[in-house]
Each structure stands twice: as C-alpha cells, then as structure tokens.
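K.L.:
The primary structure of each chain is shown beneath.
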Amino acid sequence: MQEEFITSGRNIPHIDPTLNVWHFSIPVYLFLGGLAAGILFFAALYSILKKENELPTAVKWSTFLVPFILVIGLFALFIDLKNQWNFWKLYTTFRIESPMSWGAWVLMAITPLSFIWAASYLKELIPGWNWKLGFLDKAEEWVIKHRRKFAWVIICLAVLLGIYTGILLSAFNARPLWNTAILGPLFLVSGLSTGAAVIMWMSNNHKEQHLFGRIDLLLICIELFLITHLFMGFLSGPEVQLDAAQLFLTGKFSLPFWIGVVAIGLVIPMILEIVRMRGSKISAGWPAMLILIGGFLLRFLIVEGGELTGYIY
Amino acid sequence: MQSRRDFIKISALGIGGITLGSQGIPKLLGNGLFIDPVVSGMKRIPTYCEVCFWKCAAWTHVDEKGKIRKIIGNDSDPHCNGRLCPRGTGGVGVYEDKDRLTTPLIREGEVGSQRFRKASWDEALDLIADRIKEISAEHGPESIALFNHGSSGAHFTHLMKAMGSSNTAPSYAQCRGPREVGYKLTYGSVLGSPEPLDIRDSKCMVLIGSHLGENMHNGQVQEMADMIEKGADIITVDPRYSIAASKSKYWLPIKPATDIALLLAWIHVMIEENLYDQDYVKNNTIGFEQLAHHVKQMTPEWAYGITTIKPSMIRKTARLMAASAPASFVHPGRQVTWYGDDTQRTRAIAIINGLLGNWGKRGGFYFAEKVKIPKYPYPEYPTPKWDWRNILNGRFPFAALSISNTFIDATIDQEGPYQIKGWIVSGTNLPYAIPDISKFEKAAQLAKFIVVVDTMPMEITGYADVVLPECTYLERYDDLRTSPHREPYIALRAPALPPVGDSKPAAWMARELGIRLGLEAYFPWEKYEEVLEWQLNKVGSSLEEMHEIGIKRFPRKSGPLYQPENELPLFSTPSGKIELYSQQLADTGFDPLPNYTEHATPPEGYYRLNYGRAPMHTFSRTSNNPYLADLMDENFVWVHPKVAAKWNLETGQKVYLKNQDGVKSEFPIKVRVTERIRWDSVFMVHGFGHSNKQLTQAVGKGASDNHLITDVKIDPIMGATGMRGNFVTFIVDATT
Amino acid sequence: MRYAMAIDTKKCVGCSDCVVACQIENDVPHGFCRDWIVEKVVGTYPELSMEIRSERCNHCENAPCVRCCPTGASYIAEGGVVLVEAAKCIGCGACIESCPYDARYSHPDGHVDKCTFCIHRVREGLEPSCVSVCPTKCMYFGDLDDPSSEISVLLKKREYKVLAPEAGTKPHVYYLI
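Listed in order, the protein sequences are those of chains A, B and C. Heads up: the first sequence begins at 1 in our numbering, then just goes up one per residue. Heads up: the second sequence begins at 1 in our numbering, then just goes up one per residue. Heads up: the third sequence begins at 1 in our numbering, then just goes up one per residue.
Keep in mind that a hint or two might mislead.
Dumping the calculated BS3-like pairs for lysine-lysine here, alpha-carbon to alpha-carbon at most 25 angstroms [to be verified]: (1) Lys-527/B x Lys-504/B; (2) Lys-230/B x Lys-40/C; (3) Lys-230/B x Lys-157/C; (4) Lys-370/B x Lys-184/B; (5) Lys-161/C x Lys-249/B; (6) Lys-156/C x Lys-230/B; (7) Lys-670/B x Lys-40/C; (8) Lys-170/C x Lys-230/B; (9) Lys-170/C x Lys-249/B; (10) Lys-654/B x Lys-252/A; (11) Lys-654/B x Lys-40/C; (12) Lys-646/B x Lys-161/C; (13) Lys-552/B x Lys-161/C.
Pulled a few chain C residues facing chain A out of the computed Cβ check, cut under 8 angstroms [to be verified]: (14) Val-42; (15) Ala-94; (16) Ser-98; (17) Asp-102; (18) Tyr-160; (19) Val-162; (20) Ala-164.
Derived by calculation from the structure, the hints in this document are not laboratory data. Computed from a prediction, not measured in an experiment: that's the story for all the values here. Just so it is clear, CB atoms sit at the ideal spot from N, CA and C, and this is done for glycine as well.
From just these sequences and the hints, can you work out the full model?
P.N.:
Shown next, in the form of structure tokens:
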C-alpha cells in the first residue's frame, strides 16, 4: 500500500482536496469564444470567396450575434478574475510566452472588429437605419470599401481565437489531461463546428443550410478523429496521462463524456445530419442544439477534468 | 446521587469575547512584499514558553503598535538552541485566541438552570475566601486540594501551604510517576524533567513506548536529529510505525502490553552472552546473581511467543545496545502509565541501563545540575494535620507525590476521616486529563466548592463555582526557570504586553486570596517582580540583566558532567549501589525483580485504544489555538487496512467509537486507513473532542480518547493510573 | 547567484514548525499556507518505510508560472527567486493551473500568493523563516553558485532528488534522501 498525503492540515480553498480554481465561467468563456471564432471564420471566409449573397446568414446575419457572444464571454472572464480592477494591466504588456496574453490581445482586436463587421451590415438588416452622425456614415462607407481587408484580418484573428484557448490549456504541462498538442486543433474544430451549427440553425436558405450541414458533418468527423487521437495518446503516455484518460473513459466523467460529448454532441447530430441530407424533414435546430450542448460539455469536462489531474498526489 | 452542579458551557452571551483581529492588515511595500519585521526594529522581551512543560526560553517580539509579531527561541538556551517547536512558534495564537477568558465568573441559579454571570475580582475573590474559610473551619484547611499543571501551580501551592494544606496534585500518576519511582528504587534518584539523557553523543538509543518526533520534547528531538546526522543507531519498540520507528535501524513491532517480556529477554541475552561490563557490574550493582537466576528461563524464544518479535531480532538488538555501551541507553519514556505494572517495567528498563553501565557516562545519562535559587523569606508554613499519605493509608507505599485520583476518590468519600471538600484547579482540564471520567463527575458533584483558574474556557470550567481568568504566559512574571541540564541556567519570564481584558497573573490571584485569608505575611511583596529581583540579586544577577539576556548560565558546582574514571559513583539507594534486585520492593511485598504478567487482549471486534501525541499540539490545551488548529484541527482514528476492509471503512469517513464498557464517544471521529498501525489496535492523538461551545475553533472536532478510558489499571506500587487497557469498536451508522 | 533549499528527509520529523513559522512571518491568512508537510508511507505492516517532506514553491529555473503570466506579475528576481508583484496580478489563476506542485493559491486580497524564500529576510542576510526555526536543523538555504556554501557541499556529498523532474521545471528545492 502506498499512502502519500499532507499532514500539516493544508486545506486551501479551491486547491484542496483537488484543484478547482476555474469554475463555471471559464468553460462558458471557452465555449463562447469558440462559437464566436467559428461564426466569424465562416463569415470572413465566405466574404473573401465572394459568396455573401448566396450565404447571407453566414456572412451577415449570424455575425450580429458575435458582439453579444464576445461581450458575455468577456464578462464571464472578468468575473472569474480575483483581482478584477487590475484587469487593465493585461493591456500594458504583451508576453509572448503566455497564451493568455495572446488571448487578451486577440480579444482586444476581434471584439471591436466584430462590432464593426456587424454594424456594416446593419443597414441591410434594418432598412432605413440611420447612423445620425456624419462620421459614422463615412466610417461605414470606408469599412464596406475595405471589406476584403477586414475579412482577411478577421479570418486570421478568428483562427487564433479558436485555437489559442486550446493552446493555452495545452501549455499547462502541470495538468496531464491538457498537456497535449491536440487540444488546440480540437478546440478550433469544435469552435468551427458550433459556429457552423448556429449558422445552419439561423439560416432559412436551403442551400446555405445544406452547405453548413455538410461542413458540420466534416467537422464532426474531424473532431471524432481528434478525440480518438487524443485518448490514444493518453493511453500510451505516462501514468499520469493514463489516469487522466481513465477519468474520462471509465471514471468519474465517463457518463457525461460518452453520453454528453460523444453521443449527444457528436454522434447523434452526425446521424441527424446524414438523415437530413437524405431528405428528412427534421428541423436543423435539432442537430445544431445538440452540437452546441456537446461543445459546451466538452470544454466543461476538459477544464474540470484537467484540474483533477496532476503530477503529484 | 443528587446533582448540585449543572455542567455550564460558557455561552457567548454577555461574556464579551475580545476580538483581537488576529490577521492584521498585511503591509504591502511597493512590489507586494511585507515590511520585514526584523529590519523595522521590534522590542524583544524574554520569556519561557508555557505551551508545554519543556519551558524553552524565548524572545517575544512586539512591534511599535503593541502587537506580538513572533516568538523566537533564545539561542543560548539548551532546551531549544534558539529554535522553538511548532507550539512555541504558534504561541502568538495563545495571546490572540479570541475565545480567551477575560472576566471572573460566578455560578448562580437553581439546579437545572445554572449559569455563569460576570463578576468583579473583588466579588469573586471575596466569595472564594469566604468559602475557603467556611470549609477550613468545618473540615480543616487540609480538605482543600489543588490540582495543578504549569507555572501557575507554584503560586497556588505556596498559598495552599500557607493555608495549611499540602494536598497538591500535579500529573504525577498520569504521566512519569512510575519511572521516577522505578529509578529511585534502582538508582536512588529520580530522573526529573528534562531527563538527563546525553542523546546527542549516544551511539545507540532504544525507544520503548516513546514516540520522540511526534512527542515534541524539543531538546530531545533536536538531539535525536544530531544522532541521525552522525549515523548513530536508534532502536524503536512500538506496535505503531511511529516517526521514530521510521528513522530507526531496527523497529520492533511489538504486540501491545508485552513490553516487560521483551525487556526481560534482553536482560537474558545480555547476561547469557556476557554483553555487560563485568567490572562495572561488580563494583556498582547489587543483586546481579538474583537477576541472572531470575531471567535464566526468559529466553528470546520465550519472549517471541509473547511479543511476536523474532528471537534473532531480540538478540540482534541486545547485542547492538551492548556493543555501543556505555554510550547507549534505553529511554525511560515519559508518559508511562499503561497497564498497572508500570513501575516494574521501568525497573526493567533501569536494570538494562545498569547493565549497559551508562549512568554518568557520555552518550548515556549525564549528571544534570540546576541553579539553586534561594527561597524568598516567608514565615514557616504551618504543619498540616493530615495529607494525602493519610488518605492512602498505606496504599501505594512508594508514591512520592500525591495522586490526583486519590483526591477525586477522597472527594467522593463521605464517610472516612480524610475527605476533600474543596478544589482549586489551575492549568489542567481534568475531564480530558484524568481517566475514568465518571468518578471525576461524581466527585465534582460532591465537592462543596470548586475554583478553576484558566486562560481558556476549557471543559473543567463548566464544573466551577468560580472561574478566574488567568492571563497567558506572555502577559506576566513567573518564577525563574531553573530546570536541570548539562549546565545550570536560569531563565526569566517577563510580560511582553499587559493582561488582556480583566485577566490577571496567578501570583496576583494567590496574593489577593492570601490577604483575604489573613495570610498577608506570606505575601509581603506588592508585585511578583520584587521576589524575582530579590532572588536574582542573591545569585549575582538582576532583573535588568535578565531582561537584556533572557537566560543566564552559571558554572557547575556539583561536580563534572560525567563520572570521572577513577571514582566510583555514589548512589542514594540503601545499599549505596545500583539495586538490580530491589530489597525495598521485596520488603513491602512486591516483586523485587520485574515479572511479565499477561494483560487482557481485545475481545472480538474490538481494538486496543492507543493514544499519543502530535508535534503541533499539547494535550487538550492547544486545540483552539488558531495557528495550531491550522496545522491540525481534529484527530483521526488510525485503522489497519485489513480492519478497514472488514468494517468497510474509508479514510475520511466518520465513525463513533464505543469502548468495552459501552461508553460511546460524544463526537464522531474521522478514520485514517494506514499500514502504520497494528491490526489489533487503533491510534488517536490525545486532546480533541472538545465539547465546550465557547472553544469556537475546537468544539466538536475529533473525539476524546480520555472519555473512552474507563478501565483504569492502578499500579499498586505508587498509584499510577494505567490507561492502555481499553478497547474500542466502531459504530458506523447513518448519523455519521 | 542561484538560491536554493535542501531538506534532509532523514532528519525531518514532520513537526510542521516550518509551516507555522512561515504563516506568522508572512502574515499568511488562516486557512492558507505557503508550505506544507507530506508524509509518504510505502509497504505493508511491518515492512514499512516512510519519507517526510516539507514542500513549498520550488522556485524553478524553468518556471511555467512565470511563462504563462499574462501581465508579468509573476517574475524571476535576484537569485532565481520567483516572486509575484501583487499590484500587477489580475487573479486569473493561470499560474495556479500551471504549477505542477500546487504551490500557489489565491490570497483573499485577490492576488496570487506563494512562498517567496523569505526574500525580505534573505536580503538582510538572514535565512528564510522556515529554515531558521526548524528544530531538527534539517533545512539548508544558500547559493548554488558558491561552491563553498553549505548547500553546495551537501549536494555533492549526499544523494538527493527533486519533485516531478519529468515536468521539466528544474526546481531549486532538493530533498536529501
């Protein structure tokens, strides 16, 4: 028998008995960030490919959600900080080794850009919209003129936003569950998938729905592949990673993982999508909703699970 | 039996806890670092620690705002060598504890609804003096008994003697009584405290029933670390894998209650294989032939069947001990009241030490010396008409000090000629210290008057008629510390801060009571520092000097530290030699040589209750200290994995304990499943399971071992209360 | 100058003096601690062995907590001591997640806190509080770059280990075994 434990009465809140510094708001932010990244990615992509008229939801209407999503996400981040009124110090420096610093700056850039992008389509959404201020009209003209450049900037930032959350977690080599290079791409793909799901749900254009249905199907397959790869890596890794994998496959998190993330979040939407593509009348909302739930659960479980795993104790 | 005394738990109403914001606001200095207390010049006042009885000399550091910042050991003090143990370091919490008693309390009300009310000192002291006069007039001053532990006891003992009573009881029969008697019988002198063990220069130390490292006898733990550094050997005999066992060359996982068999087998091996200094034994001991004859059949094989220690191990360890002689010794232990034959067991240890020839030798027992402080000139004490020896009436013939349980019995006694009627309790939480609590409770009901002096609302206060709040050791002067050691030292205790609230030093209380009892002649001083100044002047020092240095060393006067080679040591025994065979015991009808007697083993489903210490706590008095509670706020019951499997127990699970007499623990206790404990025993740290709600930090945490010790084995030689013959079982129910 | 600590697990009895001394010296709030004692027991009764370690922030040379801090509040000061500038800390918790030793915690005041090797004492030529109070004198503190310092001599003489070497952090707390 091996016993190893702390005998000097350590019982620090959120550190003992297991680490739990990041609560609900971090997975909420990760989910919303991924979602925003997904939506903006497709918006920018199809704008560059000059498909804004064929895929209006993707390029225009879904982007109206993004400012709200980002603000809520930022708020979730803000309330998680313990020393909140210092938050502006994030913007006094850029630390290249800290993914969190990248994230702060990416958000700092992409949030106003998302406002601007959506605002530039406001007149199309609400006919008769009047800015009432001269310089805003000029600004809108300028944005529409340089839309392609905006799209390129946004697509890069969207990819960064989608992938950095995974890189941030994977940089914590103290947490075996996170310490894998697959997490970045996994979160990016998951973010794109949730973005595509929202676009598909919002769209009332059959062609657009069909396209994003297929995109989602592809993304789900990639996600399943990445998750498999992730766990295969754990199972052939050091003991701490074996334990981390077991937590999800057979342990405490197995139920929410297999049912919530894999079944509800990936496999069932995949089936629904295939069925829809074969002509079924099932509403797009169903697979979309399940994908969103699965996307959130994935991040929630990975954050909570990662905190449970460690090198010592 | 009609109860006249409700157990009153001091409630928070109207007593007014002091809120000493113990956190303080961290002083941030620019980049978030704290102002260095060392740099920013703090006052330091000398003291010696009162958290346990080791009395390490220390410096109390007080900052410019009058807050105690830290307590650091005095570098010159051999008790601590400048490093206090965790309890001494956490002494700041003794001062800061917000649950401290701060005002005198008087019991009032009818039975069934009694409570305490706040009172002024005059009222409280007048009441106490009146009742003492009443009781003395009716039953004689001898019928007042003092239960004490700690430095305050000296002041009340003086008062008692002035009153005409010598019925004062320290913890003799609950702690080291048997070994003092065992050593007195064998070597002619008691060991005292600290024990004169030359640990740091020893080549082999044998611990049998001592868990140094968990019991934090500071100087001894430090010297044990020195031994480890030097690569010296430690042999530990313990049914539990103690910290000391983990640092030992050999650990003997002995079956509980069989220690005497092992000791006798060791003696057998040493004699049979001639592992002793024959000249030394011839010149310094008597009774060797009887001893050799006595142990002839007590072979390691015989002991193996009893103790489960393999014969090869018994021989190996005996040879190792002997090979390192005289720089090797068997530690006589400290809390040695176990099974009722404890004096005989310490006699066996004393005999082995005699064969090792380590008395007065480097690495064995050195000759300690203490400074003789002249007694302050008081009038002669009156001679009491009777004392505890009369109560004993021939029982426990070798008891040299009074026995607390004797006073408890004498309080219950309503027929005999020597009855105790009034109690003064100072610095000891009797319900958590004296085993067989039903007797204590009965006695508390029958006592006519009980005064409790304490710094904290310990459970004993619930039985008091008057509670007097004592200020802590950081707020008062006390007697000079003159403990024996390699060199004689005196240490000063001076107040670092004024007493908190209305608390007062015991010296002041004793004087005020003395004046009211017409004994002002015994208290001719106004403040106790006058006594100290007088005493210091007599030895060539002064309060001013002692304030400056804290501790002062004096040259040895009694002779060298070790026995010179060419001289034979003198022993104060009747024969002048080490009495391996004790004629005194034979003459009184006891075994002159130790014998093994079989003791009861746990019945099916029960496990022997072993108790012990943790280095961050002292008895039940520190459980409320905020700093020490941070380290350990409850005790655990250690359970062997096989036992845990049988009972379906997991670490962290709470269970109630029930002992062989059906007594159930008041609070549940968490289980620790560990390989470190034997399958027939459980272990728990003593001093938890507080029931007084005013101990806000400690109440309800862990369980009290003392309340489960109801089967007390009394040692017939000197009256010690053997506490290790109790067995517990687990109660796992829905309420836990 | 590279400050480091060596702890002799053979002498340590786990008394926790280092824990309470640190708490008092550094005003650590009740319920929190910057260092702690770990007891490791291996085997089956009675074939047992035990190791006792006093643990704290390891002031790693390759500190993940410094790398991941988005504001630069976590930094490496003189002697390689890792410190936190409370005024810059936003309390995001990234450093807590990144520490393989669980050495950091969120102070009630909002910033992140941990062992500082008592740098305020070291600057005055004193030893960290835990080292100075330890009754068994099993803790050593000194400069690894000074070959004559006690710690350098000890590390040459004795067998030692560090915690979680596979994490690649290059800790500066060594356990003599």
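K.L.:
All the hints need checking, so say for each whether the structure fits it.
P.N.:
Taking the hints in turn, this is what the structure says about them:
1. Lys-527/B x Lys-504/B: holds (12 angstroms)
2. Lys-230/B x Lys-40/C: Answer holds: Lys-230/B to Lys-40/C is near 24 angstroms, not above 25 angstroms.
3. Lys-230/B x Lys-157/C: The hint holds at about 14 angstroms.
4. Lys-370/B x Lys-184/B: Satisfied, since the Cα-Cα distance of roughly 19 angstroms is no more than 25 angstroms.
5. Lys-161/C x Lys-249/B: Given pair Lys-161/C, Lys-249/B holds - Cα atoms ~22 angstroms apart, limit 25 angstroms.
6. Lys-156/C x Lys-230/B: Status holds; Cα separation ~18 angstroms.
7. Lys-670/B x Lys-40/C: Within the cut-off at roughly 19 angstroms; holds.
8. Lys-170/C x Lys-230/B: The hint is violated at about 30 angstroms.
9. Lys-170/C x Lys-249/B: With Cα atoms ~33 angstroms apart, Lys-170/C and Lys-249/B exceed 25 angstroms; violated.
10. Lys-654/B x Lys-252/A: holds (23 angstroms)
11. Lys-654/B x Lys-40/C: holds (23 angstroms)
12. Lys-646/B x Lys-161/C: violated (38 angstroms)
13. Lys-552/B x Lys-161/C: Given that 25 angstroms is the threshold and the Cα spacing comes to 43 angstroms, the pair is violated.
14. Val-42: With a minimum Cβ separation of about 5 angstroms from chain A (threshold 8 angstroms), the hint on Val-42/C holds.
15. Ala-94: Result: holds, 5 angstroms to nearest chain A Cβ.
16. Ser-98: Holds. Min distance 5 angstroms.
17. Asp-102: OK, holds: Asp-102/C within 8 angstroms of chain A, min 6 angstroms.
18. Tyr-160: Violated - the Cβ of Tyr-160/C stays beyond 8 angstroms from chain A, reaching only about 17 angstroms at its closest.
19. Val-162: Given a least distance of 12 angstroms, the restraint on Val-162/C is violated.
20. Ala-164: Where the cut-off is 8 angstroms and the nearest Cβ of chain A is about 4 angstroms from Ala-164/C, the hint holds.
Consistency note: the structure conflicts with the earlier hints numbered 8, 9, 12, 13, 18, 19.
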